[in-house]
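Work out the full structure: start from the sequences and follow the hints.
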Amino acid sequence: MPAYGTDKRHHTLTVLVENKAGVLARVASLFSRRGYNIFSLAVAPTNDERFSRITIVVDVESAPLDQIVKQLDKLIPVVSITELPPSSSRERELLLATVRATPELRGQVIQLVGVFEGKIIDVGLDCLTVMLAGAPTKLDDFEDLIRGYGIIELQRTGRVALPMLDRSADRTSANVLGFAPPTEKAG
Amino acid sequence: MELTGAQALIKSLEMQQVEVMFGLPGGAILPVYDPIIDSSIRHILVRHEQGAGHMAEGYAQVTGRPGVAIVTSGPGATNIVTPLADAYMDSIPLVVVTGQVATSSIGSDAFQESDITGITMGITKHNWLITDAGDIPRVVAEAFHVATTGRPGPVLIDVPKDVAQSAMEWYWPQPSDLDLPGYRPVTEGDPALIRQAAELILAAERPVLYAGGGILKARASEGLRELAERTGIPVVTTLMARGSFPDSHPLCLGMPGMHGNYTAVTAMQRSDLLIALGSRFDDRVTGRVDAFAPEAKVVHVDIDPAEHHKVRRADVAIAGDCRSVIDDLLGALDALGLPHADTTRGGRGGSPSDAVEGAPAVAGSVADSLPRHRLSPWRATLSDWQTRFPLVYDPADTSGGLKPQMVLETLRDATPDDTIVASGVGQHQMFASQWWQFDYPYTWVNSGGLGTMGFAVPAAIGAKVGRPDRTVWAVDGDGCFQMTAQELVTASAERIPVKIAILNNAYLGMVRQWQEMFYGERYSEVYLSPDLPDYVGWAEAMGCVGIRVESPDEVAPAIDKANAVDDRPVVIDFRTDAAEKVFPMVAAGSSNDQIVVDPSQAKEIR
Chain S
1 MPAYGTDKRH
11 HTLTVLVENK
21 AGVLARVASL
31 FSRRGYNIFS
41 LAVAPTNDER
51 FSRITIVVDV
61 ESAPLDQIVK
71 QLDKLIPVVS
81 ITELPPSSSR
91 ERELLLATVR
101 ATPELRGQVI
111 QLVGVFEGKI
121 IDVGLDCLTV
131 MLAGAPTKLD
141 DFEDLIRGYG
151 IIELQRTGRV
161 ALPMLDRSAD
171 RTSANVLGFA
181 PPTEKAG
Chain X
1 MELTGAQALI
11 KSLEMQQVEV
21 MFGLPGGAIL
31 PVYDPIIDSS
41 IRHILVRHEQ
51 GAGHMAEGYA
61 QVTGRPGVAI
71 VTSGPGATNI
81 VTPLADAYMD
91 SIPLVVVTGQ
101 VATSSIGSDA
111 FQESDITGIT
121 MGITKHNWLI
131 TDAGDIPRVV
141 AEAFHVATTG
151 RPGPVLIDVP
161 KDVAQSAMEW
171 YWPQPSDLDL
181 PGYRPVTEGD
191 PALIRQAAEL
201 ILAAERPVLY
211 AGGGILKARA
221 SEGLRELAER
231 TGIPVVTTLM
241 ARGSFPDSHP
251 LCLGMPGMHG
261 NYTAVTAMQR
271 SDLLIALGSR
281 FDDRVTGRVD
291 AFAPEAKVVH
301 VDIDPAEHHK
311 VRRADVAIAG
321 DCRSVIDDLL
331 GALDALGLPH
341 ADTTRGGRGG
351 SPSDAVEGAP
361 AVAGSVADSL
371 PRHRLSPWRA
381 TLSDWQTRFP
391 LVYDPADTSG
401 GLKPQMVLET
411 LRDATPDDTI
421 VASGVGQHQM
431 FASQWWQFDY
441 PYTWVNSGGL
451 GTMGFAVPAA
461 IGAKVGRPDR
471 TVWAVDGDGC
481 FQMTAQELVT
491 ASAERIPVKI
501 AILNNAYLGM
511 VRQWQEMFYG
521 ERYSEVYLSP
531 DLPDYVGWAE
541 AMGCVGIRVE
551 SPDEVAPAID
561 KANAVDDRPV
571 VIDFRTDAAE
581 KVFPMVAAGS
591 SNDQIVVDPS
601 QAKEIR
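Just so you know, the protein sequences line up as chains S and X, in that order. Mind the numbering: the first sequence is residues 1 to 187 in the working numbering, read in order. Mind the numbering: the second sequence is residues 1 to 606 in the working numbering, read in order.
Just so you know, these hints were derived from the structure itself, not from any lab. Ideal Cβ positions, reconstructed from N, Cα and C, are used throughout, including at glycine. Incorrect hints may appear among the rest.
[Claimed, not checked] From the structure, some residues in chain S lie toward chain X, with a derived Cβ separation under 8 Å:
{"id": "1", "residue": "G22"}
{"id": "2", "residue": "S87"}
{"id": "3", "residue": "E91"}
[Unchecked claim] List time: in silico DSS-like cross-link candidates among lysine-lysine, alpha-carbon distance up to 30 Å:
{"id": "4", "chain 1": "S", "residue 1": "K8", "chain 2": "S", "residue 2": "K138"}
{"id": "5", "chain 1": "X", "residue 1": "K11", "chain 2": "S", "residue 2": "K20"}
{"id": "6", "chain 1": "S", "residue 1": "K74", "chain 2": "S", "residue 2": "K8"}
{"id": "7", "chain 1": "X", "residue 1": "K310", "chain 2": "X", "residue 2": "K297"}
{"id": "8", "chain 1": "X", "residue 1": "K297", "chain 2": "S", "residue 2": "K74"}
{"id": "9", "chain 1": "S", "residue 1": "K138", "chain 2": "S", "residue 2": "K119"}
{"id": "10", "chain 1": "X", "residue 1": "K603", "chain 2": "S", "residue 2": "K74"}
{"id": "11", "chain 1": "X", "residue 1": "K310", "chain 2": "S", "residue 2": "K8"}
This is the structure:
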């Protein structure tokens, strides 16, 4: 069974928007008004300060993907929308968790964090705060494994994604819905 | 040249060739009202901001130009929310300017503060909160561009008081200066898809052209007519498209939908090809969607790609402007060998009653076109339905008051053919759409999608301002009239001679009809009284001529009297029969196959 949020119901849209006040509210309001479900959402400016990128994982049980994309596209500050299928994109997410780790169990937790290439970012008397970045499924696995120790608090960011680099000659084969994004300044 | 933000705003509206705006001042918009004194733009002072919005809509619908309204912050802004929602549903280009509290006060719950950009986010095509006076010309240019291009719609510009008062250096933006990187509306359809549509059209045996409001928005009436005449395909015109194809034309089937005529509704149900042109498969047209036109393939032309497959999956979905796509479609039909029809055109000839009740006499030019042989059985079927199921009422039965249909027929016949008719929402609206003969585009102004009671009076005023050369009648209900009648004060003060026919049945008639049919005649809160208010006295108090009509023989003289008045509004209080119901009717949630016709025709149904 695929991990929560990675099944066929869920699609990742990366939405390039104008970096202006209220744009996130417009996107959120559209989803709410049309009865579309957001599974996760991450937003931050891009390297071009005129634009921000919103990465939305949508649940297409509530509406066909085609409708969601076309309605999003009608928002004036939405510049471009690209669907990123998991098979041809790099998806990452960040997880922070405070885990119960009494002195006798601390070693096991640290070892587990090491296996997952995470980091310990805070240490308390009987707990640790750990950080882990990775593919959403990897985070799911980690979450399952540390649950037994006792999760005190856990926060995930929601996923961000970029298209997988195409090593063939044709670079335009990304699954771009709507229109192509404007050329962003080279970082 | 240094201007204040307020001066720049008014100058920007002048640069957009705005000739009239509808509004009402207040605290936060005060600075913007000062330069209006010196402006070439006519300002019409309304009595309620909702009136300003509907007037701007009426103006926009008859002129094709964006309607402009200007109001203050807080309650002024929230009062115009209904017209914005209305314009959004019916794709009417509107530019609404609202005052806002000073930028330093935004978010502090200041006096008359409301988050109008937040409130109207879902009911405008876009909105802007201006924070720098230097942005004003660019934002105004962007606002008009967004409102009028692509699928038209309302936009809102929120102007804080301090922005209006601060200085800026005047400029007027070039098109390239507009900052709209995410706005690229489509106009032309994909030629390959258009060819596929043409092939479907030539292969169809029971095709129907399903014309929607997009025909009018795209100014595509001529193209629609050419398409219909060359292919011989009959046309239904939705509530938003009345007048886009002449009702007197032999190929016109009239209005489909919940209260459409039997032939229009059933033609769509039995069709094997629906060619949807600027229509959106509204629930009032489709009835129960899964039972709608079960055998039909669908060609769907819409400038808004989000309409494609939203309700009904299209076999060929063409994103583009209706006028351009119809032209290209005619070209594609040429290429596939569809001959040109004789230039003598049918239509315009029939008497008004023929179009409504009579069988369509197929004009020679239409019959000579290529799909004639294949389509003749279809047209014969439609013609049979038109003969068996005309719109009917019993004019002899006047025991319960005037028949609303009789009032409308008399009004229709006593007014010029290009009269503009505005209506509110309810029974009177459906009767008007059914019984009027719309032979010219842009003569029908109504609230289709949102169904806004109270639309008629202000919309008629706006329409008359936009087309002072035309006779403008509002057909209103007594319930609707009471919602916005105060704008007749505006009309009197501004010498805008609109005419209002109230079909006064003393009820919220459509709700009463549903309670009678679906709630076992349990009438809950629908009685309004015919005499409270006294409509004649009220009309006169507002500076109008007021006339009451109670008997059938007074109807025509009263209308003639109203038509003779051209220096002030006229209100006629027609006392109509409360028991009269709108038929045919497809009950909400039912299939269009379950159409309920007038009881006198029920035996005709298979």
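Hint check results:
1. G22: The hint holds - S/G22 has a Cβ within 8 Å of chain X, the shortest such distance being about 7 Å.
2. S87: Violated. Min distance 25 Å.
3. E91: violated, 24 Å
4. S/K8 with S/K138: holds, 18 Å
5. X/K11 with S/K20: holds, 26 Å
6. S/K74 with S/K8: holds, 25 Å
7. X/K310 with X/K297: Distance ~15 Å between X/K310 and X/K297 Cα, so the pair holds.
8. X/K297 with S/K74: holds, 27 Å
9. S/K138 with S/K119: Between S/K138 and S/K119 the Cα gap is close to 15 Å, so the pair holds against 30 Å.
10. X/K603 with S/K74: violated, 49 Å
11. X/K310 with S/K8: holds, 21 Å
Checked against the numbered hints given earlier, the structure breaks hints 2, 3 and 10 and satisfies all the rest.
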